[in-house]
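Undergrad: Line by line, the protein sequences are chains A and B.
Sequential numbering from 2 applies to the first sequence in the numbering used here.
Sequential numbering from 1162 applies to the second sequence in the numbering used here.
Among these hints, one or two may not hold up.
Stated by the list, open to error - Listed next, the in silico DSS-like pairs over lysine-lysine satisfying Cα-Cα at most 25 Å (straight line):
1. B/Lys1480 to B/Lys1467
2. B/Lys1189 to A/Lys76
3. B/Lys1263 to A/Lys3
4. B/Lys1542 to A/Lys26
5. A/Lys278 to A/Lys255
6. A/Lys3 to B/Lys1302
7. A/Lys3 to B/Lys1301
8. A/Lys76 to B/Lys1606
9. B/Lys1547 to B/Lys1496
10. B/Lys1279 to A/Lys385
11. B/Lys1189 to B/Lys1169
12. B/Lys1263 to A/Lys76
13. B/Lys1173 to A/Lys76
14. A/Lys246 to A/Lys153
15. A/Lys3 to B/Lys1279
16. A/Lys114 to B/Lys1301
17. A/Lys26 to B/Lys1606
Since the hints were made in silico from the structure, they are not lab data.
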Amino acid sequence: MKDVTKNACHLCAPLGASLVYKGIKNCVTILHGSQGCATYIRRYMIGHYREPVDIASSSFTEHTAVFGGQENLLKSIENVIQTYDPDIIGIATTCLSETIGDDISMIIKEYQKRNMERTRPVILYTSTPSYRGTHVTGFFKTIHDVVTQTSKQAVTNAGQINIFNGLFSPAEIRVIRTIVSDFSLFPVIFPDYSDTLDGGSWNQYHPVPPGGTSLKKLSSCGNSAASIDFSFCQKDELSAGMFLKEKFDIPCFKNAYPIGIELCDNFFKTLSTLSQKPVPEIYTQQRERLIDAYVDSHKYLYGQKAVVFGEENLVYSICTFLAETGINVVCAATGGPAGSISGLKLNDYFNQTSILEDCDYEDIEEWVIHNETDILIGSSRGNKIAKLSGKPLIRCGFPIHDRIGASRQEFLGYNGTHNLFDQITNTIIERMQNSMPANYATM
Amino acid sequence: MENRTLLKEREKHILIKESFNTEINCDKPTLAGSVSQRACVFCGSRVVLYPIADAVHLVHGPIGCAAYTWDIRGSLSSGPELHRLSFSTDLTENEVIHGGEKKLSAALDNLISTYRPKAAFVYSTCIVGIIGDDVDAICKKLSSRYGIPVISVDSVGFQGTKKDGYAAACNSLFKLIGTGSTANIPKHSINIMGEFNLAGEAWIIKEYYRKIGIHVVSTMTGDGRIEEICRAHGASLNIVQCSGSMMQLARLMEEKYGIPYIRVSYFGLEDVALSLYSVADFFEDNPVIKQNARQLVFEEITKQQKEMEFYKSKLKGKKAAIYVGGAFKAFSLIKSLRSLGISVVLAGSQTGNAEDYKTLRELCDPGTIIIDDANPAELSKFILQKKTDLFIGGVKERPMAMKLGIGFCDHNHERQIPLAGFEGNLNFAKEICSSLLSPVWKFTKSREGGAI
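All chains, full assembly: derive it from the sequences and hints.
TA: In structure tokens:
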């Protein structure tokens, strides 16, 4: 345990919860705590997605902290209903409300008692004190908690499968939907903020932007034939798919984010097994093109030293992918807990990968200063290290606060991998070109 | 949509100029569930002290508060950049149960011995207010161990509003003031307060004062240095820009050290000129200062006249909405926009007080909507209703305006372009033009574009 965290490589759990709630149709988030939590998280998400993000707060005062948050939370629910008229209110706790010991399920019962005649909104909640876990665990826990509160089982629907997303970009969620649908499967995709956090222009204000997984879809999770759950680096207790497996005996496939040939193959094979259909030609062609690109670029990439940092699942998948290309992952770093990327197996040529878990950006900076590196891959928070070391930074993951287009970043699937691959390769080529005395016209 | 209405309890926070005889409801805790644009007490303290570049700023609490405030202000430093680092005790469950004092002490040991700062600020967050760590005692202990000021900032998130955070920051600064030597401070000297050196604005302002013959003892807190703050009591006058955050400190200094203060603003030609003149008037014993100020204002205005005429010709008749943190900035913005031919149809602030809103009412045109501690539902409703062309606000308001096809100018603390001073005035006009004159709006839905 460190004495002090310097430039944290993780955020707090309520941010993860807020992101998941943005992926539910007509849902408004209430963070039960101080006004600042909601405002900071809004600001942080707006900086990345560049879309309106409304998050309500129960706005604790000293009185609330002393006498408990029940009245403030009930008042927030009323005010959110009046302003937003949502189908769902998603409540997430904060360190403050957890520490004073507010019992949210009791408060929700009190709400229901006072409003017997109301059929909507449905109130969901999750416990996300910021002293426990990170935004990543908060994200997966909220998926898990929403599914435990909404899923019912009736009749198994053979063609329906659950896709429990990781921290994907809106564009990536759209890609996953297309892929799964191309296998003639009917996916319940959750969370789905592909529209709510990446929409078009409006002629009227949408207090709750259109899009998201509907409550009806969520409750049908229990009828699905299987779940694919991308909480790969997380413990099973944070997996919605594992919950459904235990409760309704629905098979669960915990997949890593599909980046690179091997991890994409795993995902496509799972879909092929579930649909009992071969991988559609469009994807086998994408796969061939990706392999062709690996071959075309192998000489530029072999032995290039990459440092990868960010949330554990993304780091795991990107490192696995990079190892396929001959790039030497010299350092894999995550703010996720100890053990979260310990399963990482890289290729045999380079066995000097440093694994930094539960680390902060200061650790990564130290590492980069004292070791040889060619390229950095991670969130825009690595910009300080990039500037200091003079190494290029490929921005991916969350947050990306200093570039446009974070919502459109698409690195999943064969084509998505190809996007990332070309970006990395061209960055490396550009560096080589610039470092050569002759300004070569061909590289 | 028809089931959605604005909140009844918020009605008294909104005024429309025709009905100005009623008082606005302001200076109150935020209504729960109203989606306020405000942050918390911690935020108030953090933003005010943040630009002090040779101190370490340690956030005592779980990780969120430190992570969300890492390097978020565009406050520049001419030397050390400790302020751009984010330090947190990153309290976990175990410490919440057993107390965070040991970790806090270890964190300070680590930071002070690693970075050798001139001081350390320790910000208390919500959790600390509950678990009751004795932060003051630890700060005292560490202060005597290292021989530097280690200051406990009482910024527990829920204990008030952002304004109380400003007050806590002022109290912290006040502890430093008076501890340094005032030797060699000339008579015609000032402290610049409530100026945070966003995009180098403090440097612009300081250069004006240098030119007219006034010595700046300290800037609080832009490009701030502990040593300068410690000797701030040697100045003859305090000039307060961001009055919402710094008035309390100015009053405390007047009380204890007898230093008078004046409120100024560096946004818009009129206010920049007025500010320089009022400072010059204070030092009337040296008439050269006033002459210099006149000369400076004349030169600077002449320099940009032609270009400004061009912008004015493009901007005339446009309508703007303003939503800012402190109301004092809104006053300048209204005047500055008016000089560009732009009328203000909505003006609001997160933390204005009764006196601020009184001034705002006097400044605004008939029909203007004045709003306190607004939320997105209210802002979006009124900017559409008023057919606004331009919104001036911060990051949280940006996507709302842009979604609705409304031009935007970021006047908050993340900007990279100086908007203060004479050159800032030019930048402001240029930035507004670059948003309003952009051809992209014709495709947006609210401008009847969009469909194929």
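Undergrad: Are the hints correct? Go through all of them and say.
TA: Hints, one by one, checked against the model:
1. A distance of roughly 23 Å separates the Cα atoms of lysine 1480 of chain B and lysine 1467 of chain B; the hinted pair therefore holds under the 25 Å criterion.
2. A distance of roughly 16 Å separates the Cα atoms of lysine 1189 of chain B and lysine 76 of chain A; the hinted pair therefore holds under the 25 Å criterion.
3. Between lysine 1263 of chain B and lysine 3 of chain A the alpha-carbon distance is near 12 Å, which keeps this suggested pair within the 25 Å criterion.
4. Restraint check for lysine 1542 of chain B and lysine 26 of chain A: satisfied, since their Cα atoms lie roughly 22 Å apart, inside the 25 Å limit.
5. For the suggested pair lysine 278 of chain A and lysine 255 of chain A, the alpha carbons sit about 20 Å apart, so the restraint of at most 25 Å is met.
6. A distance of roughly 21 Å separates the Cα atoms of lysine 3 of chain A and lysine 1302 of chain B; the hinted pair therefore holds under the 25 Å criterion.
7. Taking the CA atoms of lysine 3 of chain A and lysine 1301 of chain B, the gap is near 23 Å; set against the 25 Å cutoff, the hint holds.
8. For the suggested pair lysine 76 of chain A and lysine 1606 of chain B, the alpha carbons sit about 35 Å apart, so the restraint of at most 25 Å is broken.
9. Proposed proximity of lysine 1547 of chain B and lysine 1496 of chain B is supported: the alpha carbons are some 19 Å apart, at most 25 Å.
10. Distance hint between lysine 1279 of chain B and lysine 385 of chain A is fulfilled; the C-alpha atoms sit about 23 Å from each other, no more than 25 Å.
11. The straight-line distance between the Cα atoms of lysine 1189 of chain B and lysine 1169 of chain B is roughly 16 Å, inside the 25 Å bound, and the hint therefore holds.
12. A distance of roughly 38 Å separates the Cα atoms of lysine 1263 of chain B and lysine 76 of chain A; the hinted pair therefore is violated under the 25 Å criterion.
13. Distance restraint check for lysine 1173 of chain B and lysine 76 of chain A: the Cα-Cα separation of roughly 18 Å lies within the 25 Å cut-off, and the hinted pair is therefore satisfied.
14. Pair hint lysine 246 of chain A plus lysine 153 of chain A holds up; C-alpha atoms about 13 Å apart against a cutoff of 25 Å.
15. Of the supplied pair hints, the one linking lysine 3 of chain A and lysine 1279 of chain B holds, its CA atoms being roughly 23 Å apart against a limit of 25 Å.
16. In summary, the hint linking lysine 114 of chain A to lysine 1301 of chain B is not supported, as the alpha carbons are separated by about 51 Å, beyond the 25 Å threshold.
17. Distance check on the hinted pair: lysine 26 of chain A and lysine 1606 of chain B sit about 23 Å apart at the alpha-carbon level, within 25 Å; holds.
In this structure, the hints that do not hold are numbers 8, 12 and 16, in rising order.
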